[in-house]
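> Count along the sequence shown from 1, add 147, and you get the number used in the working numbering.
Keep in mind that the hints were calculated from the coordinates and are not lab data. Cβ coordinates follow ideal geometry from the N, Cα and C atoms, glycine included. Treat the hints loosely; a few may be bogus.
Ranges between beta-carbon positions, derived for each pair [said to hold, decoys possible]: (1) Ala186 x Gly364: 41 to 51 Å; (2) Arg361 x Gly187: 44 to 54 Å; (3) Ile397 x Arg198: 30 to 40 Å; (4) Ala310 x Val189: 14 to 24 Å; (5) Gly312 x Ile236: 19 to 29 Å; (6) Arg198 x Thr398: 32 to 42 Å; (7) Asn296 x Phe359: 33 to 43 Å; (8) Met362 x Lys233: 21 to 31 Å; (9) Thr166 x Arg224: 35 to 45 Å; (10) Gly293 x Phe363: 40 to 50 Å; (11) Ser217 x Met362: 24 to 34 Å; (12) Gly368 x Ser217: 15 to 25 Å.
Derived pair list, reagent style EDC-like, types lysine to aspartate or glutamate, alpha-carbon separation capped at 20 Å [stated by the list, open to error]: (13) Lys287 x Asp221; (14) Lys287 x Asp216; (15) Lys288 x Glu173; (16) Lys288 x Asp194; (17) Lys385 x Glu395; (18) Lys288 x Glu271; (19) Lys411 x Asp386; (20) Lys410 x Glu395; (21) Lys233 x Asp223; (22) Lys366 x Glu330; (23) Lys385 x Glu329.
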Amino acid sequence: MHRSLLSFLMAPEGGGTLTLTVSKQEGEEILEGSLTDAAGRVYPIEDGIPRLLPTELLEAQRSEIAARDSQVGDYDRMAFLNLFGKIEIPLTLKLLGPRPDDRLLEGGCGTGRMSQTLARGVKEMVAIDFSFESLRVNRKKLLAAGVTNVHLVQADLCHLPFAPGAFTRAVSCQVLEHVPGEEARRGAVSELSRVLRPSATLVLSAYKHSLFTRMFGEKEGAHDGGIPFFRFTMRELKDLLGTCFRVERITGILVYLYITQCKKH
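Turn these sequences into a full structure, and let the hints steer you where they fit.
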């Protein structure tokens, strides 16, 4: 964690500033320490990653964190996902239109399937995820690649620990469908809007409820290990995003995903 992150960090519960305590530092990076909010809640910094999850989480969220942590070694070996990314990632970048002066939020980075590609086009990026183990893998990849403009934060999409208007663009790929329940999904969309500047671009993808899934799959359920999912119809996704954003483009060309390009109202 770099000290510059403090300029736009905010307590995930109740907002407000965070006080930094440093236990171990190498150069400009804080490797161990803590962040304390005004109510005295302490959030640790481990392996250079601030752990800013709220105290209260839904049971489905806790189940997902445990599953993601335990399955962290599997994601980079998923041949289909890697092949699919050769189409998905360029399309996502095209819709996002990153600029050299952007501060970009990647909402749900996992082990870094997109992180390095996204970081190349912007001045600064914050990549968040529920899974601490996934973030640790992502950190190793970024260090090995010499990428220095990415902050990694363990955070909940429904309680983003960032100041209003902190970001000029945001991207969130295959994450919203795993947020459990309509109320929580609305909260996640609201939080993405809150941390973006007016007229900022959001590119978001989510599971598509297609003819195939209507015939052979479930609209809502859980993957192995207890990872919840919800498949959207186009109308459902448009209506959800439309609470805070103007949906400018939505495509279902990628078979099992919708990819949307939105502007903050």
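> If a hint holds in the structure, say so; if it doesn't, say that too.
Status of each hint after checking the structure:
no., hint, in the structure
1, Ala186 x Gly364: 41 to 51 Å, "holds (44 Å)"
2, Arg361 x Gly187: 44 to 54 Å, "holds (50 Å)"
3, Ile397 x Arg198: 30 to 40 Å, "holds (34 Å)"
4, Ala310 x Val189: 14 to 24 Å, "holds (20 Å)"
5, Gly312 x Ile236: 19 to 29 Å, "holds (27 Å)"
6, Arg198 x Thr398: 32 to 42 Å, "holds (36 Å)"
7, Asn296 x Phe359: 33 to 43 Å, "holds (39 Å)"
8, Met362 x Lys233: 21 to 31 Å, "holds (27 Å)"
9, Thr166 x Arg224: 35 to 45 Å, "holds (41 Å)"
10, Gly293 x Phe363: 40 to 50 Å, "holds (44 Å)"
11, Ser217 x Met362: 24 to 34 Å, "holds (31 Å)"
12, Gly368 x Ser217: 15 to 25 Å, "holds (19 Å)"
13, Lys287 x Asp221, "holds (16 Å)"
14, Lys287 x Asp216, "holds (16 Å)"
15, Lys288 x Glu173, "holds (18 Å)"
16, Lys288 x Asp194, "holds (14 Å)"
17, Lys385 x Glu395, "holds (10 Å)"
18, Lys288 x Glu271, "holds (17 Å)"
19, Lys411 x Asp386, "holds (14 Å)"
20, Lys410 x Glu395, "holds (7 Å)"
21, Lys233 x Asp223, "holds (14 Å)"
22, Lys366 x Glu330, "holds (17 Å)"
23, Lys385 x Glu329, "holds (14 Å)"
Every hint, counting from the list given before, is met by this structure.
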